[in-house]
Structure formats: structure tokens, C-alpha cells
Amino acid sequence: MSFGLPPSSTCPHADDAGAYVLRALPDTELRAFAQHMETCAGCRHEVEELQVVADQLPMAAPQLVPPPDLRNRIMSVVESEAELLRAAGPQADRPPARARPSRRPRFGWTRLFVSPGIAASLAAVFVFLGVGAGVLLSGDDGPGPVRTVAASTAPEGSSAAVEVQDDVATLVVRDLPAPKSGRVYQVWVRTGAAPKPTHTLFNVRTDGDARVKVDESIAGVEEILVTEEPSGGSNIPSGPPVIAATVN
Amino acid sequence: MQLVRKGEPGAFDAIYERHSTAAFSLAYRMTGTRIAAEDVVQESFLSLWRSNARYDRTRGSVRTWVLGIVHNRAIDHLRRSVVHDRRRASDEGIEERFEAKERTEVEAARRDEAREVREALQTLPAEQCKVIELAYFGGFTHSEIAAMLETPIGTVKGRMRLGLEKMRHQLGGWQEVPS
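Protein sequences, first through last, are from chains A and B. Quick note: the first sequence uses this note's numbering, first residue 1, plus one each step. Quick note: the second sequence uses this note's numbering, first residue 1, plus one each step.
Since the hints were made in silico from the structure, they are not lab data. We put the beta carbon where it would ideally sit given N, CA and C, even for glycine. Treat the hints loosely; a few may be bogus.
What the hints assert, rightly or not - So, partial list: chain B residues that the calculated Cβ filter (under 8 Å) puts toward chain A:
(1) P9
(2) S25
(3) A36
(4) F45
(5) L46
(6) V117
(7) L121
(8) L124
(9) A135
(10) F140
(11) G154
(12) R161
(13) L164
Only chain B is shown next, with the shape it has when bound in the complex (with noise of 0.2 Å):
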């Protein structure tokens, strides 16, 4: 990061090589189409690069700073289009031509890593993880999400911390894997 900071483009290539992947993944998981997902990270890489300075360490690994940003960016996206009717399913099956491959020991620790999460996830109550998905990767509010599932939004709040807790309880040992 420090040579990232100094504007170096070798330091900022070993930065997108090591993120690119869980960026792109976020993205398309978000936007559900190629060229938004391309569009968001494209535009989160370039904001990283152009605002070097603000990574603080304190706050969390460069993984979870990048994802941050991506995240962000990709919530931009969906409520910056007038038609908020987000797609769920893939665009032609991209995920059979560009799914990684377990290339190293890091990659599969990765993977290790993302089938637990998605286990996490999976195995909360349907209503919870609901709630979750729509908010996290659907970029809904939760007076959204509540008006859709008609629902109190009280209820959508409760669901959602709920969900957290039980997902924080299962993952309590939870490490990322190093880059």
C-alpha cells in the first residue's frame, strides 16, 4: 500500500491481482449483468487509485477496504437506475465461462472461505436470509424491502441483526485468508 500510495502502477497491479476476483464476484453478484459488474469495478479501481491515501489499516485488511468501496459503488449503481427491478439470475451463464479455478493453495483456502460464508448464509432461517440478500447484495432499504415482503419495517430490522448474530456465532473462528 505504501508504494500504492507513492503512485506506483506495479503496487496498484498486485492490488487488482489479488482483489480483482472477489470485486468482480461481488459486483456481478450485485448488478447481475457483466458490463455493470466490469463498470462498478472498474470505477471502484480507478476511485482506489485516485484516492491512495485513505486506506487505514485500523479499519480492516486492504480485502475488506477494496470490497467496501466496490460495495458502494455498486449500491450507487442499483438505485441510481430508474427501473429498480434487480436481476437475480446471471446473464448467459457467465458463471460456466469465468468461474475461478482452484489455482493455488490460496485460491482454494479462498474458496474453503466463500462456501462457508454462503453455508452461513444458507443455513439461517429463509426469512432472515432474505432480508439479508435484499439488503446486502439487492441494495434495498428496509422500508423497501418491507413494502415488498409487506412486512413491518420492524420486523425487516429484527430479521436482519437476528441473521447477523446467528451468521457472527457460526463464523466466530473465522479468518481471512491471507493474499
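Chain A extracted, bound-state conformation (with noise of 0.2 Å):
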């Protein structure tokens, strides 16, 4: 059987085009390689070729369902970027206009968006420093002051803290061990003397870092709580808080 050469045994690329698709080319020669290609029509037929395989290929993994924390992670970040998207109105998506001094209104940072890309990366920087964005879109009658309660029990060489803002509550954690395998991290809310379960499940980033908003409002909540638990959760605390914050 024969599976034919590449289209012309003297170009000098002529065994690069699965190197490439299977990005295996160092920076540099990924580089000249991309360029000769813009001249040599038997190596983007190749390439065209060999890319439909390599895109075949991650099928060739076992696989595996991802935990249902890690949907809810990304969906929390999606849906707060898309929200201030939305209060920053059709005008993030528009170009900017031609700055008129005269007329520029008090606050008018959406006039610098370009791309609701660029808006929602802006705004995960505005979430990320705790300024109240809702303050700036809406004025007086928009969301209270942010407020941050250090945790009063944070594993050692680790810190939690949390912010409040009006009911609203966001667990910060900074170099906190990952759960073991197979476990999570659960937010409890306490009133009285039992701690309720949230359903807000957690785990940490490589470096130990997380930003979790509580699905729960605080009203009258004590104390926020976090404990390890089997993955999807507990009714009940399986042991002792890793994390606990006092907030009202």
C-alpha cells in the first residue's frame, strides 16, 4: 500500500506538514514553514490533508466528564462579564465616537469599549479589584458599597477573605491546598448554631488561587463557612471548617 510523498521530493519542507499540524515545529521553523507555504502549493495540500487527521485526534482520548464545579465556575464568570455588558448598553458594542469635551458625560468610561471582548475583560479587571461597577452604571440608586472581612480560619500559608456587597457574598482564597482527589470545597452559611449547605462547590486554580461567589444571600448570615466534602457536595459538614469568616 503505498500513502504517497510529499507532493515534490525536493522541497526542502517536504516532511514538515505533520510536524506542523501536530504543532511539533519549534517557533522558529513553525515560522519559515508558514512562510514557504505561501509559495509552495504541494505543502498546503499536504498540510490541508494532514490537519483533517490531526483534528480527528483528540477523539482518541478516554473520555471523561468534566465535574459539574468546573461548569459552574466558568458560568459564574460568564454570566457576571455578560451582565455588565449589559448595563454598559448597545454602546459596547459600537466604535468609539469622535470625543466631544462638551458633551462627555460624567462617567463616560463605556465610550472606551470596542469590543464586548475588550468590555468583558475590562470588567473582570473592575470585578477582580472590587470596585462596585453597578456604582458607576447606576448612580446612587445602584449596588451598596463592597466591604472585606478577613477570615478568622484560613489553613496555614493560605488567606480567605470575603467581600459583601449589599446580600451578595464572594469567597477570596489565595494559596489554598487544592481538596483531595475526588473532593470539593463547599460554602456553608451560618445563622444560628447549624450551618447550611450552599451550592456553591469549589476547587482552586494551580496556584491556590479562587474568586467564588456564594449562591446564597447573606441576609442575616453569621458566618461564612467552607469545608471539604466529596464531590457534589453535603447536607451535613464532614469535618471541621477549613475557612470561616464572620460576617455580620
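With the hints as a guide, dock the two chains, each given alone in a separate frame, to form the complex.
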């Protein structure tokens, strides 16, 4: 069985197409090959054919379902950014208007946005810095100020704090060790004696950081707790809290 | 995709639901740990959300686009690693806990598709299969593979091309399972 030679056996890049579609060419060779393809129809054709195979290779990996809390983490960022985009209004999608200082609104920052991507990135920066973006957008009728409460309990070497805005709490952890395999961190709210479970389950990034919005109103809540639980969470804490923060 | 472009979270969620299993599976196969795989998938989907206008349907399906982003992110992750010793084994038997179940016909078809691609890869001569796996799933460059296998770079590149050619013939009638 013949599988065909490269388009021209004299082409100095005859064997590069395979490495190219597998992303195995070092940067310098990658640039040289990309440039070469602009003038070599044979290599372009070879790449087109082999790329189809490379696109199928991911399916050779054993198929594993991602943990449910991964979706929650991603969607919580997406939803918060979408909300800020919506709040910015249609201006967020338009090219910036020519500057007219005399008509510039007091809070004209939305004019800076040229695309949803940039708007989202800036919005994420605002959120990260703990700036009450809603205040900027809505004036006096918007959400209240953000106050930050340091956790009274956190594992040695790590830190945790809760940012509270009205009845919404966001947990921010730094250098927190990842939970054991098959386990997640779960957030609890305590009003009286017994902590109440929330649906907020999370993991930390490889650097031990995480920022998690608590999906439960904290009106009247005295303390926010975090425990390590089996994947999927628990109804009763299965161990002592690794993080505790008194919020009210 | 139109709705994702407009910044609609529901549409983005649908894309995530359709492609997250393949994305996580690829990231896990490449990084070898659950936490790193989660990081790669999270970075990939957020980058996809924030650069929503870049999908070009003439260059392939949404799945190809999503998995291309995941592959690039995973390679970046691997090449950033100080220790270039990539894990290939699973961590603590994750497959058993998270293995995708066949709940629908689409999932069953995807599993067949996965089996077909795996078989095509595994029936290659061992040396061709090895260089393709090291490059694609290991994120190694041809020169790193050549050093690892103590084989000339030209031979490594030739094996990559020949192996992919054989897979192309074997998977000739392959069609992506629709989402």
C-alpha cells in the first residue's frame, strides 16, 4: 500500500507538514514553514489533508465527564461579564465616538469600549479589583459599597477573605491547597447554631487561588464557612471548617 | 454561535454542554492531572467567550475550533512547566469516577467515533504511533522527541507524516458526529 510521497521530493520542507499539524515544530521552524507554504502549493495541500487527521486526534483520548463545579465556575464568570456588558448598553458594541469634551457625560467610560471582548476584559478587571462597577453604572440607586472581611480561620500559608456587597458575598482565597482527589470545597452559611449548605462548590487553580460568588443571600447570616466535602457536596459538614469568616 | 457573539450566556452554556466532555478529556489526556485539566478547560472556554468573534466556520466545525483552543492552551501549560516530565498515567483512577456514560444516541456515536480514531492510532507501527502521541498529546517538539528517542530529527518528522497519512487512509470515510 502506498501512502504517497510529499508533493515534491526535492522540497526542503517535504516532511514538515506532519510536524506542523501536530504543533511539533519549534517556533523558528514554524514561522519558516508558514512562510514557505505561501509559495508551495504542494505543502499547502499536504497540510490540508493531514490537518483533517490532526483534528480527529482529540477523540483518541479516553472520554471523561468534567466535574460539575467546573461548569459553575466558568458560567459564573460568563454571567457576571455578560451582566456588565448588558449594563453598559448598546454603546459597548459600538466604535468609540469622536471625543466631544463639551458633551462628555460624567461617567463616560463606556465609550472606551470597542468590542464585547475588550469590555468583558475591563469588566473582569473591575470585578477583580473589587470596584463596585454597579455604582459607576447606576449612580445612587445601585448596589452598596463593597466591604471586605478577613477570614478568622484559614489553613496555614493561605489567606481568605469575603467581599460583601449588600446581601451578596464573594469568597476570595489565596494559596489554598487543592482538596483531595474526588473532593471539593463547599461553602456553608451559618445563621444560628447549625451551618446551612449552599450549592457553591469550588476548587482552586494550580496556584491555590480562587474567587467564588456564594449563591445564597447572606442577609442575616453570621458566618461563612468552607469545608472539604465529597464531589457533589454534602448536607451536613463532614469535617471542621477550613475557612471561617464572620460577616455580620 | 450568533448568540454567543452577542454575549448571550445561555448560548455559551449550550456550547459548553456540547463540547466540555471532549475538551476536558483532551486536556486531561495532555496534562495528566485533574486540576491542570480543569485550569486548561476554564482558560480555554473563557478565552472563547471573550474572543467570540474569531470563529470562522469555513475553517472547520465548532468542535474543531474549541478543541484547537484547548490543545493550544494545554501545550502552553506543558511548555510552561519547569519540569518537562509529563505525567501520562491517570491520577487516582479518575477514569472510573468520571468516565462518560452513554446516555444518548449522540454520545454512543461519539464513543464509536472515539474508538475508531483510537484504533486507527493504535494500529500504526509502534514508532509512528509513539511520535504522534508524544507530539500531539505530550506537546513535545520534534527535536525534543528526537533527543528522547535518540533518533534523527528527519526520521521523527518522517514518522509523523507517514503515521498521519496512514490514519487519513484508515479514517477515510470519517465524519464528525453532529453536536
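Okay, the hints, checked on the actual structure:
Interface restraint check: B/P9 against chain A, minimum CB-CB distance 5 Å, threshold 8 Å, status holds. Interface restraint check: B/S25 against chain A, minimum CB-CB distance 4 Å, threshold 8 Å, status holds. Hint status for B/A36 relative to chain A: holds, with the closest Cβ pair at about 6 Å, below 8 Å. For B/F45, the interface hint holds, since its Cβ comes within 8 Å of a Cβ in chain A; the closest pair sits about 5 Å apart.
Hint on B/L46 holds. Least Cβ distance to chain A is approximately 6 Å, under the 8 Å limit. This hint holds: B/V117 has a C-beta 4 Å from the nearest C-beta of chain A, less than the 8 Å allowed. A hinted interface residue such as B/L121 counts as satisfied when its beta carbon comes closer than 8 Å to some beta carbon of chain A; here the least separation is about 5 Å, so the hint holds. Residue-level restraint check for B/L124 is violated (minimum Cβ-Cβ distance to chain A is 11 Å; threshold 8 Å).
At a threshold of 8 Å, the smallest CB-CB gap from B/A135 to chain A is about 4 Å, leaving the interface hint in force. With its C-beta approaching chain A no nearer than about 7 Å, B/F140 sits inside the 8 Å limit, and its interface hint holds. About 7 Å separates the beta-carbon of B/G154 from the nearest beta-carbon of chain A, less than 8 Å, and the hint is met. Because the closest C-beta pair between B/R161 and chain A is about 3 Å apart, less than 8 Å, the hint holds.
Satisfaction of the interface hint for B/L164 is found here, the shortest Cβ-Cβ separation to chain A being roughly 5 Å, below the 8 Å cut-off.
Hint compliance for this structure: hint 8 is the single one not met.
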